[in-house]
Structure formats: C-alpha cells, structure tokens
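A.B. asks: Read off the chains here:
2 protein chains.
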Amino acid sequence: MQILELEEIKRRLEKVDIIPAIERGFVAYSSGTANIPPVGELQLDKGEVHIKYGAIEASPYYVIKIASGFYGNPELGLPSSDGCMLAFCQETGQLKSILLDKGHLTDVRTAVAGAIVAKYLAPRRVSRIGIVGTGIQARAQLSYLRSVVDCREVVVWGRSHSRLDRYVSDVTEIDPDFRVETTLDVAELQERCNLIVTTTPATTPLLHGPLRPGTHVTAVGSDTPEKQELDPSILQRADRVVADSVEQCRLRGEISHALRDRRIQVDRIVELGRIISGHADGRTDDDQITVADLTGVAVQDIQIASAVISERALA
Amino acid sequence: MQILELEEIKRRLEKVDIIPAIERGFVAYSSGTANIPPVGELQLDKGEVHIKYGAIEASPYYVIKIASGFYGNPELGLPSSDGCMLAFCQETGQLKSILLDKGHLTDVRTAVAGAIVAKYLAPRRVSRIGIVGTGIQARAQLSYLRSVVDCREVVVWGRSHSRLDRYVSDVTEIDPDFRVETTLDVAELQERCNLIVTTTPATTPLLHGPLRPGTHVTAVGSDTPEKQELDPSILQRADRVVADSVEQCRLRGEISHALRDRRIQVDRIVELGRIISGHADGRTDDDQITVADLTGVAVQDIQIASAVISERALA
Chain E
0 MQILELEEIK
10 RRLEKVDIIP
20 AIERGFVAYS
30 SGTANIPPVG
40 ELQLDKGEVH
50 IKYGAIEASP
60 YYVIKIASGF
70 YGNPELGLPS
80 SDGCMLAFCQ
90 ETGQLKSILL
100 DKGHLTDVRT
110 AVAGAIVAKY
120 LAPRRVSRIG
130 IVGTGIQARA
140 QLSYLRSVVD
150 CREVVVWGRS
160 HSRLDRYVSD
170 VTEIDPDFRV
180 ETTLDVAELQ
190 ERCNLIVTTT
200 PATTPLLHGP
210 LRPGTHVTAV
220 GSDTPEKQEL
230 DPSILQRADR
240 VVADSVEQCR
250 LRGEISHALR
260 DRRIQVDRIV
270 ELGRIISGHA
280 DGRTDDDQIT
290 VADLTGVAVQ
300 DIQIASAVIS
310 ERALA
Chain A
0 MQILELEEIK
10 RRLEKVDIIP
20 AIERGFVAYS
30 SGTANIPPVG
40 ELQLDKGEVH
50 IKYGAIEASP
60 YYVIKIASGF
70 YGNPELGLPS
80 SDGCMLAFCQ
90 ETGQLKSILL
100 DKGHLTDVRT
110 AVAGAIVAKY
120 LAPRRVSRIG
130 IVGTGIQARA
140 QLSYLRSVVD
150 CREVVVWGRS
160 HSRLDRYVSD
170 VTEIDPDFRV
180 ETTLDVAELQ
190 ERCNLIVTTT
200 PATTPLLHGP
210 LRPGTHVTAV
220 GSDTPEKQEL
230 DPSILQRADR
240 VVADSVEQCR
250 LRGEISHALR
260 DRRIQVDRIV
270 ELGRIISGHA
280 DGRTDDDQIT
290 VADLTGVAVQ
300 DIQIASAVIS
310 ERALA
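Those protein sequences? They're chains E and A, same order as listed.
Just so you know, we're using numbering that gives the first Met the number 0 here: the first sequence kicks off at 0 and counts up by one.
Just so you know, we're using numbering that gives the first Met the number 0 here: the second sequence kicks off at 0 and counts up by one.
Treat the hints as calculated values from the structure; they're not laboratory data.
Heads up, some of the hints might be wrong.
Identical copies carry no separate label here, and so any pair may be met within one copy or between two of them.
Derived DSS-like pairs (lysine-lysine); straight-line CA-CA distance at most 27 Å [stated by the list, open to error]: (1) K45 x K95; (2) K118 x K95; (3) K95 x K9; (4) K226 x K95; (5) K14 x K95; (6) K9 x K226; (7) K45 x K9; (8) K226 x K14; (9) K14 x K45; (10) K118 x K45; (11) K118 x K226; (12) K226 x K101.
Construct all of the structure, not just a fragment, from the sequences and the given hints.
C.D. replies: Structure, rendered in structure tokens:
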C-alpha cells in the first residue's frame, strides 16, 4: 500500500495523458460498463461530505473519493474544501493507494471534463473564451482548455476588481499568451465570447441569454439541486443539451432546473460519453448553440486516481 | 494526519474501555443524536464493498469505514475480508486519522456489541455458553463475553473436527480457564447452553428451537437479507426481540426473515440503545427467552475509531 501526498500526485499528473483517460471513463459510464452507486452524503452542522465511488469493468481499481465542504473553514485559515481518494484492487479488494490530494484531483478531473466538452462541442473558431467566476475552477478550466482550443483571448467576469486582478495575474502566469480582459457585467462577456464556462456556486442565474449563434456554454458550478448559473431559457433554446450523467443531471445542476420548469424534456439530453464514443452527435453546425452541464461523475475520479497510480505516472 | 497500522491499533485498543464507549454509541443511535446515512454498497465480480459512515453529535469525529469481502481471496493466500477506517474532524472536515486495521476493528466492535447484549439480556446465571461457528467472530465473541459473564463452560458447534480442534486450542490460549466441549450437533448445544451466540454466514437456519426457558441468543452472523441462522419460530416464541438498529433489521438479518414470514411484528422489536439508556426493559425475568439480532451499525465504528485515536489510547 502506498500513500501519495499532493506534491507527488502533481508530479505524476504531469506524466499522464489525462484527457483520453477521462474520456474513456465517460464512455464506460454511458455504455453501461461502469458500476457507479448513488453518491453518499453526510450533512453536518458545519459542513457536508460527499462520497463518490464505483468501478469501471476494464479498470484494475475501484475508487472511493471523500470530498468535503466546510464553509466556515477560511475563517480558521483552512481551505473550505478538502478531499482524498482511495484506490483498491478490483480482483482482491486490497487497498492499493491512498491519494491525499486535498481535493486537487477533483479540481483537475472537473477541468478536464470541461476540456473534453470543448473538444466535442466548441465552435471550430473560438473568437474569445468567457470565464464566469474567479475561483479555483475558473483558473483550472482555462488551463486545461489550452490543450483543445487555440484561442488565447479571454474575458473573465467576477464580483470585484480585486478578484479579477488576481485572476488575470494568475492565469497569465499559467500561460503568458493569454490576453485577459475583465468585466463586472456578465452580459458583456456573453456578447463577446462564443465559448463560455461558468464556474460559480450561484443559486440564481447569472447568464440570461439569448446567446450568439455558434456559442457553446459549459456549466461547471452547479452540482446540487439548489445551485444554478444559467437561465433555463438558455437550455430551452439550445440546439444541443449535453449532460455528463443524465441520471445525475435529472436531480442536480442546470438541467434539473430546466426540467422542473418544463423548459426541456429529458429525451433531448445527450450524454457526454455517447458523443465521445460516436454514438451521438456533438456539434454538427457552426451556428448551433450548445450547452453542457457537468455535475461530476465518479468515473472521472476512478480514471484520474488510476492514472496517477499507474506505471506510466512513475516513468 | 496520522496513519495507524494494525499493531499500533491493537496496542491502543488495550488501553481504552471500549464497552462503555460503544454503549454510548448505541444510545446516541437510538436517541436520534447520531447521523447515520444508509450503507453504501458496491457489488463487484469477485467481491463486495460496504461503506458505513456517519457522525454522533457529541463526538469530535465523523468516521467512514470501508469493508470488503472477496471470497476467492483465500485461494490467493489473502484474507477474504479487509477494511479500514477514516476519521475526520467534525468541526473542519480535516482528515485526522487513517486506521489501517484490516477489518480488526470491525471484528472487535461486533464482539463488543455481543458483550453489551449479554450484559443486558443474558440470564443471571449462565450455565454454559454456546458458540455456533468456529471463525474469527466465534473467537472474538467468546473473548469479549469474559468481561460481562463469569461462566467459563463453553460448547462450540462447527462443521468439522479439525476446525473445532483449532477453535478449542485458540480460545484456551485466550483464557486457560475456558473449558470447551465440541459438538457437530447444534441441537446438543441448544439443549445444554443458556447463552448462545451464532456467528456463521449460514443462509438456512441452524438453530431451530424450541429453546430452554431462560435462554438468550445473540445472532451475529446474518447481516444481509439472505443470511439466516435462526428459525423464525425462535423469534416468534421469544419474550423479547432486540435489534441493534430497528431500521436496518427490517431489511437485513434474522428479524427481516421473521417479519417477512409474519412471525413477529415490527412493534415488538426493541432497540438496544433504548435498553442501555433505561428507556426500555432488557431481561426482566430469569425464565424469559430473549433474542438479539446484530447487523452492525456505523455508531460502533465511529466509537471504536474515536476511542483508538483518543488521548486515552496514547496514555
């Protein structure tokens, strides 16, 4: 049994090709070769804990991820979110690795899902990337988009100048080619960008539409029944509505709101893994408006944990 | 964050008073001050994984236990069952300890529950202890009964002479005062013992009754909807039927069979924590027949993990 600390995990991550690994996870999920039980939840006075777990038939490991959010932690000088993953051998149940990643692998697998979505759904010519939010995911999404999108023109929306300034400084450090403009007006971002990623924990819609033809939106922030970043009319008018998990998006995220408001019907939702495997269409036209809703599926955790502990990551 | 290996866990266990700690866990459970979500389950080709987790209001930690059973493991020279526990601070969600106990703490907390049940339900004068089964729990139950029952006369039932011989040798090593007789006939055990503990994974009843007046039976083996060690008539005729968790026993274990067969009604079942706290009667008469069904509740895991990582265990 091995215990991997965050620094070692980061070193190993650099050596693996994580996008195709997570693509295979989504394909397994949508083709029914993944065994993903419902998310376990523990509600506590000062925080909440989610347990995501499961197995992919072709993978040597099953993975259990424990992620927590304790929103009073910053006052104590601690990060609000934390997490770790445990990987066990599927043949014997033996504990193979404990990944003390402090939630970093969740940040990465979420950003990678955004990049995968962009690969299949972004317009051929991205004129400008719009990032809604200035937190960790706002940084991570942009960072992973680099490998699938050539565009380096960015507009970022945030709630304060200080946060926006810090964001610009951080992402130009990630890639000096980024040219980042800031705005406090999300409508401006929506007018100027045709690949938009929303990354906030908003509970009332930020993006109202209508969107420019040819726009793709990936909604990353909303992963509970309460959170909501997109006005349901955006999903209603979209040519393609994609979910990482149809089952999960019925209950959580943007799609759940649009379904409850009867703005879309469930048979319109396409699952990401079916697009990746070629069993469903992604974007078929440069003028289409597409929306993807990512709520996070355990196959992503299984694939990123398996990649980090693979021989390849040691090379 | 600390990682505790099995040997260290065993050393610490010796220093804590685990029976009252687990009693407090059952009381918290029955009084509604424990937050115990449904058990998570992952069914794999070669095994099964259970995730038991939750929090007790008064406890500093929430605990997540991962336990697995891979029944082909012995052919590979590996134990069939394995497990570990993770303890997190309830105030901040920080991972406090990883207990790599390989399932030992589950064995102990299960045996301790048997001792607690005996404390409240065994007849005042135990003439002979009957142990049904020859596995790890058959040893552990007898070991922990020592602290609550004076009797050292034992009859053990097993399926083979070799297993019985090994059992006798092992338990007389635990306590040389034990005088252990063996039998291949469970009816003989049932006639001669008035405190019986069943510890097998049987799926058809082993114990058929009728039992001698004044007998107490603790059924430990059955923790799934399929497993069954007691003929439902035993529960039907019992003066008192006790469950570690009424909710869980409706779905798993001996009580679930008796309910399905309409041999008992759910309002007859008394929860262990209510007996410990004095809100319900245990045994009130030396001639009563009492039955307790233990399916295992996360409060036991929380309490034993918390005890092992407590200051007291370091003393």
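A.B. asks: Run every hint past the structure and note whether it holds.
C.D. replies: Results of checking the hints against the structure:
For the homomeric pair K45 and K95, the shortest alpha-carbon distance between copies (16 Å) is at most 27 Å, but the shortest distance inside one copy (32 Å) is not. Taking the shortest alpha-carbon separations for K118 and K95, neither the intra-copy value of 33 Å nor the inter-copy value of 40 Å comes in at or below 27 Å. When the C-alpha separation of K95 and K9 is checked against a cutoff of 27 Å, the pair qualifies both within a copy, at 18 Å, and between copies, at 22 Å. For the identical chains of this complex, K226 and K95 are neighbours neither inside a copy (35 Å) nor across copies (30 Å), given an alpha-carbon limit of 27 Å.
Proximity of K14 and K95 under a CA criterion of 27 Å is satisfied intra-copy only: 20 Å inside one chain copy versus 30 Å between copies. In this assembly of identical chains, the alpha carbons of K9 and K226 never lie at most 27 Å apart, being 30 Å within a copy and 45 Å across copies at closest. For a Cα distance limit of 27 Å, the shortest separation of K45 from K9 qualifies neither inside one copy, at 29 Å, nor across copies, at 32 Å. Within a single copy, K226 and K14 get their C-alpha atoms no closer than 35 Å, and across copies no closer than 47 Å, so neither meets the 27 Å cut-off.
Taking the shortest alpha-carbon separations for K14 and K45, neither the intra-copy value of 37 Å nor the inter-copy value of 31 Å comes in at or below 27 Å. Taking the shortest alpha-carbon separations for K118 and K45, neither the intra-copy value of 38 Å nor the inter-copy value of 37 Å comes in at or below 27 Å. Within a single copy, K118 and K226 get their C-alpha atoms as close as 26 Å, which meets the 27 Å cut-off; across copies the closest is 50 Å, which misses it. Only within a single protomer do K226 and K101 lie at most 27 Å apart by alpha-carbon distance; the minimum there is 23 Å, versus 39 Å between protomers.
Figure legend: structure checked against the earlier numbered hints; hints not met, in rising order: 2, 4, 6, 7, 8, 9 and 10.
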